[in-house]
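Dock the two chains into a complex; use the hints.
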Amino acid sequence: MSFLRSISSIAILLLGCGTIGAASLDKASLELDRRFESTIRPFIETYCLDCHSAEKPKADFDLSPYDNLKAVVRDHAHWEMVLEKLQIGDMPPKKAKQHPAPAQSQAVVAWILEMRRHEAEKNAGDPGPVLARRLSNAEYDRTIRDLTGVDLRPTKEFPVDPANQEGFDNSGESLVMSPALLKKYLGAARVVSEHAVLNLDGIAFASHPMMVHTDRDKYGTLRIVDFYQRQPTDYADYFAAAWRFKNRAPLGKPRATLPEVAAGSKVSPRYLATVWEALNAKEDVGPIAKVQRLWLGLPVQKRGQPPVDVRKDCEAIRDFVVALREKIQPEVPNLNGPGMNPSAQALVLWKNRQWAANRRTYDPELLQVDGLVKQAEAKGKDAPSYNRKKMKKKAREAEEDLKVPSDPALRAKYEAAFARFAATFPDVFYVKERARSFVDPEEEKANGNVGRLLSAGLHNQTGYFRDDGPLYDMVLDERGRLELDRLWDEFNMIASVPQRMHQSTVYFERTDSRFLSDAEFDFARAEDKDCTSGAKVKKLADLYYAKAVRTGASAATLAAIREHFDRVPVEIARIEKMERDAEPKHLEALVQFAGKAYRRPLAPEEREGLLAFYRTSRDKDGLTHDDALRDCIASVLMSPNFCYRVDLGEASGKEGKAPAKTVSRAAKENPLQPNGALPLSDYSLASRLSYFLWSSAPDEALLARAAAGDLHRPEVIAAQARRMLMDERVRGFAVEFGGHWLDFRRFEEHNAVDRQRFPNFNDELRQSMFEEPVRFILNAARENRPVLEFLDCDYTFVNPALAKHYGLSIPAVASNDWVRVDNIAGVGRGGLLSMSAFLTANSPGLRTSPVKRGYWVARRVLGERIPPPPASVPELPADEAKLGDLTLRETLAKHRADVSCAGCHQRFDSLGLVFEGFGPVGELRTKDLGGKPVDTHAVFPDGSEGSGLAGLRAYIKAHRQDDFLDNLCRKMLSYGLGRSLILSDEITVRDMRAKLRANGQRFGSLVESIVTSPQFLNKRGPEDLATK
Amino acid sequence: MRDPKENSPAARRLRISRRTFLRGVGVTMALPWLESVPAFGEEPLKAGAPAAMPKRFAALFWGNGVNGNHWWAKGSGKGMELSKSLQPMEGLKTKMNFIDGLFNRSAVGVGIHPGQTGNLLSGMPLMKGAVLKGGISMDQVLANHIGQDSIQPSMVLGCEQPITGYHESNFSMAYSSHISWQSADSPVPMEVYPSLAFDSLFENRGTRRTQSILDRVKDDASSLGRKISGHDKAKLDEYLTSVREVEKRIDRMRGDQAKAEKNAQGKNMPVAFMKRPDNGLPEDIREHMKLMCDITAMAFQTDKTRVVSLLLCRDLSGLFYPFLDVRKAHHSASHDDLSDDFERIARYYCSQVAYLAGKLDAMPEGDGTVLDHSCLMFLSNMWSGNRHDSTRLPILTVGGMGGTLETGRVLSYVGKGDENRKVCSLYLSLMDRMGVKLPRFGDAETRLAGV
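Taken in order, these protein sequences are the chains called A and B.
Mapping of the first sequence onto this note's numbering: position 743 corresponds to residue 743, and the numbering continues sequentially without gaps.
When you read off a place in the second sequence, starting at 1, and then add 1028, the result is the number in this note's numbering.
Bound conformation, chain B alone (with noise of 0.2 Å):
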């Protein structure tokens, strides 16, 4: 989400002077990671020691389920057979886990849509009416514990607007709006806008306004250093130090990154290229779901991020799909979930979960791929839009985190007891190899069997 006072005309006229601003670097070479710098705060490597390849997390959420009837796959590895809805799938399948039957309890009879939805990564109970309050969302968590190893502790991404007010439910449409939760009371602010979540990672805008601020602060410091004699001094300078420590810090990584392009340049090494995306939202919403993806791979290929949310459409989503050929939007078309029309809406999401994952196979990364120390979590809030049941979430993993996680594999969880099928204990699973051990999340206090 941007600032709700995008619309005034200030803040338009403003756009248009960034734009001028930022013609001159509309394209961004970044390094990949293990040619690229050490990251934020980290000590650089030292040459020929054996580098182990940062994990990376990404969520990936579409809303209001799937045509059951081609959502399934059967047998393993290269030998895996896939459903039509899963057919974008077929050249990854091998690097791919098909998921079945699990369930957020927090979620099941509480009430449709927003009360599935808003605690779907957090597995938290969530309270109706006026105030909000759900659970801290996993993305988060991980976050908060490996986020301060990169540029940004995460990336949280929208291809749609959050909204609010109140569905029939009771629950606050707030809660179809976002699945990722900083705290139990409070949503991460979403990045729907392509241009922005560019900036925050490759126009280093996050650390480009940190260090507005630390220039300013200098000054600050410099002139009350004016004022005062020795020890204070001492004093002061042991802050200025710090200061210009952290500020050396940001300076190292760009500085260094520019070299290292330069040098890689000259020597044909891979170099990743992104133009910047226009300001605003693309109109076509196939435009502006490719643009999300590119961002979030070359953020895991450049290691500026290491988690990333990106919710492609609302639960209760407006989004409209005229290229595949249906007229309805999307939520009015999930009450008709067995229909074509629904298969090929679920068919489109699985292809951008193809394409992203795709991209980062594409992209060398030591012995393997970007995609082989990943893990793209593909999941919706409901089996069936119709029924709207929550008792059975589609899910797919896609990617090894290196090596840890195996993959071509089909994992049914349909009919092993309520206990060994929650969702929450597949996060205690794959957070556990992000390095994030814990002993409880949302409802589970066990790891997810056979993972």
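Only chain A is shown next, with the shape it has when bound in the complex (with noise of 0.2 Å):
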């Protein structure tokens, strides 16, 4: 299989990686390679071999196959733990046959750090093996998301990435390509183009797919319906804005100007000077005139005094307003016909817009003429519902403030005052949801027909009407005005609606109205492609409009028809005009995003490479528009350019235009390192910086700093660093770094908890418990804490689930809330150690495990190296209930005095033990599950003693600390590279230790170090190849 084949290749170039940039063996090479032949392999054959030859190697770990200098540098990793085991006098163990004098293991350890130094400096500032590399599929999904913004996660059915041997799945070590693989690749990019919203000019994406009518209806209501509700059309608002204008002084703001006051109160300027007018015009009759008495009543704010909250009051004139202006507004009969439905579209949209024409006017004839109480009469109220059911009408009552008095001219005086009111409080700003128009709406509020949003108040046919007028011409402003046109046209044009409308008009009148079920419609068929067209909109009304005649309409209903069927071609002509204006749109919007896509400008032959696939897709494969514009997306998602990530270095990195210029300048600025590096790009270091903090593409910022050719200087990069590590998208870096260092990533799907026995862990817990090293890490992060917090601080995050769990109480918030609680020792928690997550994920379930906890902190959190334990070893029992008659500090004690089991048994027990006073989901216990009582005291590697948190604490902080910070330095710089380390990263890793010393331990150093070494800003250049 040439797939096999290509796999395996790739190994064998990999494995020459360690010593690249020499190309023969320098002088303390041939002298160190010399001393290996001479003492270093006799040593191994002798004391060694013996348990780690090829034949089952104890530890897993044979050293038969090195036999000189090159091989053991190719895996100094290994031989680092050679160096641990003899250092401590480990090895060989007492059981062995021989044993080495001190003396000559010496000469090992100090041929081994010989080795070490050697190759570090030799090869100092080697940017090492970064090879172009798949996005991982956390990196592929957060991509996604800040592509599009709608987070997708369209790897939802990918299979998990591997890590690395240093434990990260971002590098190409691990992240290899299949046919399997790409074939979901290849779904996951239909899948996103289905999601793209072809829009008037551009392309967005919807958080659902966008392939059937329903979809993109649903997208172009919410939207508008968003905006809706965005807008500050609350009267209470405008009566309090208009009361701070008026006690701007006594308030302490006496500049203020009307519109400034508008922009304090989150209400619209303009609509609040209609306000403003209207209580301060000469009003002595009528409803404005009670409604300023009603204002002028709010209290007064005194000078010096903290500001009156008036806001009760002003709901209250707000509620007179309102209730008022429901009683005056006019009834809108419906229009019939016989034999028509009233739910004909010609007939119902009539109504609508009668209604939307009459929001700012009222009805006179609902004035109660000295008192007098006229009563509604039938004409409207029996229009045919589908219902059936009539609603009981309360019979109007009398109503002073309906009142007006009888003499001719001061009634007109009063109708007047009236009028003002109704053109100033318009009945509603907007409709956004209208159940059905010729039904009474009490009755359609009892019938539970609410939420059809926009909907035109149509029975069984598609329609929307927009009836937003006050808002438009009083509320919003010209950004505003534009925004809300827009969001009407995008929505008439994605969903089609002018089109969809007339064929719902063919499918109701032909079928359940039965008004065209003549012969004579057959012609008309709503499935039909051209039922749409000109010519056939044409023939149906001049036919529908002759019926109508022939029926008997009357001259109004006749008006509406014709009316009805002029707008309908017309619409549709201008939104299919939209389509074609938008076509060019879209392809100029799919060059931007595979630019965006690509994290670099296109080259002008990618560009067009892009159009002409385009074009071929149309003119040859005879796509739809649609059609094509997905296929185009799916196959920038597909290119290697946007699911790859290759460091391009400055000499090949033809990228786009803008690189050209760049490339004396960084290259300049950057010479090539004496061991054959290259300066990265900045476009391939924009997207390395972005790729480490964020896990996810660069932004606009990152990349106009790219674009600008200065991204490669230090000062500039850190500058960026810093930035980034404020910007919320860090999260990423706190859940991938974080999670693959201290092994949580998958805690989210922990599930060997027996909830039964722990009833309290459910979802919701675990999800906090996950949560809780994510927050700590970010906070580190944006707040630049010093590391040494990670081990040792008083404080921790958590939410309502969490802090229960505690036993914290906290103020009350959501459940996804998140705070920050300080002063915890009382409760045992604060930084790392004792977070929950941990202490659970190193449980067995139904008993802790010293063994477990203990394993992991020395591993993860200190960076030790322990091997596998052998195939040999006893399970204890699954639920510390049954251990019998020694608990589990005592069996594990059993354990560490089997010596085979000691030597790594005893580094980390002890660290694992002091946790014991934490049960198996960390909370807090006295007992274990067996009734005995728990005893978290522990005697540590170095024989110091200690119990608990605070004991470990105070033996890490005394004696390992060191460990910790080296172990952080290497994890991150490994992680931040997208590489396991190699030998000569040392110079780099203590660089960091000595930044991080002067820095006060500062998280931020930490990036700061790594982004501006030589490791980071460069690439090896192609000579080393030659070299292999």
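Simulated from the structure, these hints should not be mistaken for laboratory data.
Glycine residues also receive a C-beta, built at the ideal position from the N, C-alpha and C atoms.
Some hints could be false.
[Unchecked claim] Computed cross-link-like contacts, DSSO-like style, restricted to lysine-lysine with a CA-CA straight-line distance of at most 30 Å:
no.	chain 1	residue 1	chain 2	residue 2
1	B	K1318	A	K529
2	B	K1246	A	K620
3	B	K1102	B	K1246
4	A	K156	B	K1246
5	A	K620	B	K1276
6	B	K1261	A	K183
7	A	K585	B	K1112
8	A	K536	B	K1276
9	B	K1465	A	K183
10	A	K445	B	K1161
11	A	K184	B	K1276
12	B	K1161	A	K184
13	A	K184	B	K1246
14	A	K184	B	K1318
15	B	K1255	A	K183
[Stated by the list, open to error] The calculated label-pair distances, taken between Cβ atoms and stated as ranges, are:
no.	chain 1	residue 1	chain 2	residue 2	range
16	B	D1460	A	S809	43 to 53 Å
17	B	K1465	A	R723	48 to 58 Å
18	B	G1431	A	Q229	55 to 65 Å
19	A	G448	B	K1465	23 to 33 Å
20	A	E80	B	S1211	43 to 53 Å
Listed below in structure tokens is the structure:
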């Protein structure tokens, strides 16, 4: 299989990575090689190979293949273990047949140290082998999120990414591609493309597929409704703002203008001016006069006093306005025609238009002349309803506010006042949902017919109606109007609204309505493609009108029918023109999308290639614009320019137009390293930085620095890193780096807890446990905290679920609200070590595991390398209630008494025993599940003693702090570079440690050291290939 | 559903050019499964190895129920007695089951029509108002599990365009138009154009589009490849190799098919023929339904897909049946459900499943027919169109699912208690036989007893 062959060829290429840069052995290397022959190899053969040889090597470590310096250098990580074992005198084990003299071991130790130093210095700054790599699943998801603006997580069904030897899944060493995975990539690209919204002048993405009408309807309507709801249309806010303006001096802002007060009160300046004018106009009778009285009755602000809260009083004025407004709103009767259905579009839309036209008028007939109450006539109320349910109408009551005098002159004055009131205070600013227009609204409410967003109020037909005149005319400014117009245009175009409304007419009138059931209408079929063509619409309109005339429809009904069918073709033509005009804009947006996806500007030939693909899809393959564009989007997402990260050096980096001028500059400022390294192009650097800190693509600000060509400058890249650490996307770092480093990345799926025995461990608590270290690391990054706080501090982050688990009382917050809690030593928490995610993940379910917990501390936190246990180790009982007479601690002590186990276990059991005060789900406890009191005392590897978390902290602080810092530096460097570390990285690690010390061990200094390191800024040049 | 922009002048121009383009390939020949080639992604069968026949499933829906006086069956096997509306099944009665008395709990008492339809295949409650929510339908569950074994995971076909808007029950009419849902929120786009359904299968329209994308990816990768060196190239090669591998599978599938067709022609082996349907929608609904049944039959016979949902008409259908001498449209006619008119309509729909089943039964496969390895589930969303009664659903299954579904039976669950007559229990039982075993589906956690 050629596929397998290419995988193995990569493996071969990888093997040679350790010593790249030197064509032949230098003098010191020759010397080391000679000493290997004379001293080291014989030592190994004599004292090690009995156990560590090819046949069943102990600890899976076979020392037989190392026969020269090169072989050792290549595998230096393993040899670091040899170093450690010899340094602490662990090997050969006591039971070995023969033991070397101390000096002999010392010689090997010295050689290994010298070899490491030599290799490190010789290749200092070697960028190392950073392979081209596909995006990890996590990177893919986040990149799609930032590219499309919606969090689609297309990798849900992908297999889990494997990790490299440092434990991270972001390197080319472990990220491979296969045909099976490629098919999943295809599926993911298609899914994303199906979410594309081809709108008026570009491409957006929806959070749901956009392939059927109902989904397009949802997209369009929700955006418009969302816009409506963002607008300030509560009268109470305007009365309060007007009051604030009136009291501006005592409120301490004597110079504030009306627009400034509007801005401060978050209301529309335009409408506030209208309200202000009304409140200050000369009105002696009618509703505005009453509103003025109420408003003038608001409390007066006194100078130097805290602001008076007038909200409640303003709401009362609002309620008066709204209630009165409702009582004078003109009724609009249904329009009917013999044989016509009341839900005929011509009739319903006519009624909607009457309503819309009367938002700022009132019906003088509803006023009570000399207190005389006129009861409603039946007109308009007896329109046929589908529910046959009639609402009992309450008789109108006498109402002081509706009272007008009968004297004609006076009455006219009152009516004028009502007209001004209605014009100032519309009955509604916009209609965001409408039940059936031709049925009594109260009856519809009783029917539960709510939530039909932007509906035109038709029965069994597609239909939308825009009714937002007062909002548009009185509240919105120019920008708001443009945005609203655009939202409606977009909705009409994306969802083909006028076309589908007309198809609905054809369907409904031919079937349910039966008005067009005669044979002469048989030509009209909603499913025909030319159903909405000018000719067919006209033919239908003429026959429809003729039938209405024939059946004796009223003049008003005939006029409504005529008007309707005059509007339909105009509106359809308007939308079709929009579609045509949008096509070239979609192509421009496609090119921009590709640039964003490739994380750099497109080269001219790339742009042309993409557009040619579109043309071929349409012209040759006959796809529609919509289909062709979606295929283009899928092809962009399938391009290795998107789904791979290929670091291009300046010399080879002909990416787009921009880099051309920066080649020389970057190369000049950052000349070739002696080991043949190449400066990375600024665009590659931008990606490297963003995938390090965000696990996602660069943003515009970062790409702008790349375009300017100065990102490679240490001060520029450090400043960008600082900026990016403040961004919320740094969560990508907390989850991916923290999650892999500390091994909680998959804790969200942790299922080892027996939920019967621990019923409080539910999905919410598990999610909260996962979130705690994420929040902690996020905080460290954004607040630039000293990294030693990871181990020792007096705070953590909780939400209500976790607070309850920890026995903390926190202010009431929503379940996804997280707060920092301080001074929590009392409940035994603070920092990473006592977080329940780790305590739980390292418990097998019904007991704790000091072994696993200790191993986690030793390996993950302190960076110790410990070989795997031999296969023959007996299992401890799964339930600590079933340990018999011994406690778990005593059982482990027996374990350590066995010499073959002791070598390793004495290095970490104690680090886990101190956590015995925490149960299997990290809960505080005083007794274990077997009912025996817990003991948190431990003798640490160096013989010192301590108890509990405090004891462990003291031990680490005194003896192991360097191990922790060293490990953190290495892990973060490895993650940031996207590769396992090599010997020459030692210099950089040393540098990181020095900078940490100089900067109060602050988190930011780690990041800064990494992003300004030669490894980060460069890549290996092509000439190292010649040497391999 | 097609691209809603299909009516733009540009799209219309293109349709003409597409027709011209396709003139040369107006007929497809495809090989029956046994003689054919391994499905996409499968290893070729070894000669002589016993081939387990793939199982196929189709849900055929029609709206607004039956004339209850003429929808019954008695007895079993050859002696089964069929009512008037079921007469079209006379020749197939040993291969069918008449299932009576099942219901979908989430579709009862919530409001008529759309509320009785959008969840027919999911069993989940539907949300009213502008934002739709229900559940994934059982055909799509099957497609997700077994779809990777064929060229298309599933085909979702319809003979009537979907519509939206609101019914007086406040359910969206979209629920009346879609029985196949890819998720709780979104229906699967439904293909109503026979020509395009045909292309997707036999012109490999889907795979051809994929191939175009992959071609472009290859160009991109090789131009990137020119800028990079050794190690990076090796990683990129890994990608390119995967791309080529996927392409090769597509090619192999097509190439083998062409070769097999040539061989078969020489040896007088059965070859399925079908002419590409004309563009646009057939004028006559009979022709429309026949074409969709033909495409389904071809797809099953040649194993292009194993899961089909076919909406013969919507709930609240606006179809007319002049050829049945019925003047009213479907939905209006259903309000007089005990009329002779409506009986003829129900019988007409029964004749559609009979046509498809008969076609599949005429396709030899292994030691039986394609029908013997399939299940056609034919169902409506209510019993009585006048009473909008969804407490009892008319259901037929046709085909033996490779001997796992006993046929020739009348299964009545009338009066057996609501717990024991869930249609979702039937779905669990049928999905089991398709190799998809779920602990629960919709409102059911148990299989249907007696199936």
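Tested hints:
no.: 1; hint: K1318/B x K529/A; in the structure: 20 Å, holds
no.: 2; hint: K1246/B x K620/A; in the structure: 19 Å, holds
no.: 3; hint: K1102/B x K1246/B; in the structure: 62 Å, violated
no.: 4; hint: K156/A x K1246/B; in the structure: 26 Å, holds
no.: 5; hint: K620/A x K1276/B; in the structure: 22 Å, holds
no.: 6; hint: K1261/B x K183/A; in the structure: 21 Å, holds
no.: 7; hint: K585/A x K1112/B; in the structure: 59 Å, violated
no.: 8; hint: K536/A x K1276/B; in the structure: 48 Å, violated
no.: 9; hint: K1465/B x K183/A; in the structure: 25 Å, holds
no.: 10; hint: K445/A x K1161/B; in the structure: 22 Å, holds
no.: 11; hint: K184/A x K1276/B; in the structure: 16 Å, holds
no.: 12; hint: K1161/B x K184/A; in the structure: 27 Å, holds
no.: 13; hint: K184/A x K1246/B; in the structure: 17 Å, holds
no.: 14; hint: K184/A x K1318/B; in the structure: 35 Å, violated
no.: 15; hint: K1255/B x K183/A; in the structure: 26 Å, holds
no.: 16; hint: D1460/B x S809/A: 43 to 53 Å; in the structure: 51 Å, holds
no.: 17; hint: K1465/B x R723/A: 48 to 58 Å; in the structure: 53 Å, holds
no.: 18; hint: G1431/B x Q229/A: 55 to 65 Å; in the structure: 59 Å, holds
no.: 19; hint: G448/A x K1465/B: 23 to 33 Å; in the structure: 39 Å, violated
no.: 20; hint: E80/A x S1211/B: 43 to 53 Å; in the structure: 51 Å, holds
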